[in-house]
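S.K.: Sequence:
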Amino acid sequence: MSGYIQSKTDESLARELCSPLPTERVIFTYAMNGIAFGLTGLALIPLLSILWEIIVRGISGLKSDMFVKAVIDNGFGNAILGTIIMVVIGAILSIPTGIMTGIFLAEFGQTNPIAGFVRFISSILTGVPSIVVGIFAYGIIVLLTKGFSAIAGGFALGVIMLPVIILTTEESLKLIPISQRLASTALGGTRFQTTFRIVVTAAIPGITTGILLAVARAAGETAPLIFTALFSLDWSEGLLSPTASLPVLIFNLYNDPDPERNQLVWTTAIVLLSLILSVSILSRLVIRQRRIK
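Sequence positions in the sequence shown follow the working numbering and run 18 to 310.
Hint data in this document are derived by calculation from the structure and do not stem from the laboratory.
These figures come from a predicted structure and were not determined experimentally.
Beta carbons: idealized from backbone N, C-alpha and C, even for Gly.
Some hints here could point you the wrong way.
Okay, the calculated beta carbon distance ranges per label pair [said to hold, decoys possible]:
(1) Ile-138 with Gly-255: 28 to 36 Å
(2) Leu-250 with Thr-207: 53 to 61 Å
(3) Pro-130 with Ala-60: 39 to 47 Å
Kindly produce the complete structure, drawing on both the sequences and the hints.
M.R.: As structure tokens, then:
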């Protein structure tokens, strides 16, 4: 009898689950979907309008020789090179430090009071205005070396990149199942071997994504470079001299009365936008590859 009652209950639940939704529920679902898509489209209007304005104004002035000419010759080759150099310097300073700090917070600092303080400072740094970072780098590097330079600009970008890398590394390591750690320990692996051969290896896609996002953010920063690397119309003489960059080029020449220089600003905006977009797409591909695995 109990089996018969159970089967009847199951059939009733199956019919209820497979039956169409009431008309009110269907109308409500479509209405909510419509509102969500409408608000999404409304939010995209400013972004798309900015992109359209940049493309329309800048694409007409884009020429292949501009990539190998300096700003003084109505090109932006030196600004591209300067941006790459300073981002690389920032990456060299921030990536090893950020990854090791993230590993410490996730794997070795659960009960360490210093870990909580480091995590708190990292969270604060993510919200610090970039111009404050520029002033800090100015006081640390520029005043000591008595000159604006690519090294000072790279240091400022490294400070901006550091908290992003720390927090993404920590979260990526926390997503690794505890069973992998236990399995490694059961096979005789030390804590150091388990952390660096098993956990960190499994978290590489997430860590790489955090690094790429940090690089994309640093590549578009303007304020820190104004206080540290300044600007140069010609090719830089070295890492200890003022260095041009794409964001500062746009900032300096936007109000230039020369029509050719003003056109250069919009063309440079396309190049900078393409650079940041490429890094962002690469990070998305890394995330997608991680999900596939």
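S.K.: If a hint holds in the structure, say so; if it does not, say that too.
M.R.: Comparing the hints with the structure gives:
no.: 1; hint: Ile-138 with Gly-255: 28 to 36 Å; result: 33 Å, holds
no.: 2; hint: Leu-250 with Thr-207: 53 to 61 Å; result: 56 Å, holds
no.: 3; hint: Pro-130 with Ala-60: 39 to 47 Å; result: 42 Å, holds
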